[in-house]
Amino acid sequence: MHAPTRLRRIASSILPTVALIGLAPTAAQSATCTFDSSTATVSVSVGSGTTTLSVSAGNVVADGSPCGSATVTNADTIDASATGGTLVIDLSGGPFAPGQKAEASGQSEIEFTGTLGSGVLRIDGSPGADTIAAGTDGVNLNAEENADDVDVTITGVASMVVNGGNGNDRLTWDGREGTG
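Count the sequence shown with my numbering and you get residues 1 to 180, in order.
Hint data in this document are derived by calculation from the structure and do not stem from the laboratory. Any given hint could turn out to be false.
With beta-carbon atoms standing in for the labels, derived distance ranges [stated by the list, open to error]:
(1) D148 - P98: 30 to 40 Å
(2) T153 - P98: 15 to 25 Å
(3) T39 - A104: 14 to 24 Å
(4) S69 - D148: 25 to 35 Å
(5) A158 - A102: 17 to 27 Å
(6) M160 - S38: 29 to 39 Å
(7) W173 - S38: 14 to 24 Å
Straight-line distance between alpha carbons at most 20 Å, and here's what the computed SDA-like set of lysine to any residue pairs gives [unchecked claim]:
(8) K101 - S69
(9) K101 - A158
(10) K101 - T39
Cβ coordinates follow ideal geometry from the N, Cα and C atoms, glycine included.
Could you build all of it, start to finish, from the sequences and the hints given here?
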């Protein structure tokens with residue numbers, strides 16, 4: 001075999017491999033989460049994959065990691081921003097309540113705001129009985145206890161999924177309980 005022919009064969013077998021490596025999917029961008037105690041605001045930058053916000057032993061966590069020193073008693077707002085991806089509000093570890101500030105209704109909780117930039121909003125309920133109401137103005141995560149109070153006002157949502165969990169849940173999509 002001549003050297004130029006051998007070189008072409010080696011090059012022709014390597015190039016497709018190099019091309020496939022270039023097409024390999026990139027890792028999803030991970031979320032970042034910070035807490036500003038002066039404003040009682042948790043700021044979450046949602047990654048390009050799935051970012052899960054939950055409560056663990058009273059702490060506000062993103063993907064299992066604490067959001068600074070944020071707890072359900074010193075935070076009042078969670079502001080999420082993204083250019084896509086999926087934001088999960090997971091209630092299985094407990095409610096995002098009571099929050100720092102008392103509300104006029106007597107039932108307080110942490111409010112969710114922000115924009116997902118055409119992302120997906122998913123709400124996973126608790127193991128108990130959940131009453132979650134959704135409408136054009138947002139989502140009420142504790143509609144039975146706190147009627148006419150929107151807890152989630154996130155814009156740029158391409159689609160929303162609500163999974164009530166294992167409890168005896170009441171899920172509505174008709175704008176009840178202050179959700180428009």
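Here is how each hint holds up against the structure:
1. Between D148 and P98 the beta carbons are some 18 Å apart, a value that contradicts the proposed interval 30 to 40 Å.
2. With their beta carbons about 19 Å apart, T153 and P98 fall inside the hinted range of 15 to 25 Å.
3. A hinted range of 14 to 24 Å holds for the C-beta pair T39 and A104, which are about 20 Å apart.
4. Checked against the hint of 25 to 35 Å, the C-beta distance between S69 and D148 comes to roughly 32 Å, which is consistent with it.
5. For A158 and A102, the hinted distance range of 17 to 27 Å is not satisfied, since their beta carbons lie about 34 Å from each other.
6. Checked against the given bound of 29 to 39 Å, the beta carbons of M160 and S38, roughly 32 Å apart, stay inside it.
7. Taken as a hint, the range 14 to 24 Å is violated for the pair W173 and S38, whose Cβ atoms sit roughly 37 Å apart.
8. For the given pair, K101 sits about 17 Å from S69 by alpha-carbon distance, which is consistent with the 20 Å threshold.
9. As the CA atoms of K101 and A158 are separated by approximately 31 Å, the hinted pair breaks the 20 Å bound.
10. Of the supplied pair hints, the one linking K101 and T39 holds, its CA atoms being roughly 11 Å apart against a limit of 20 Å.
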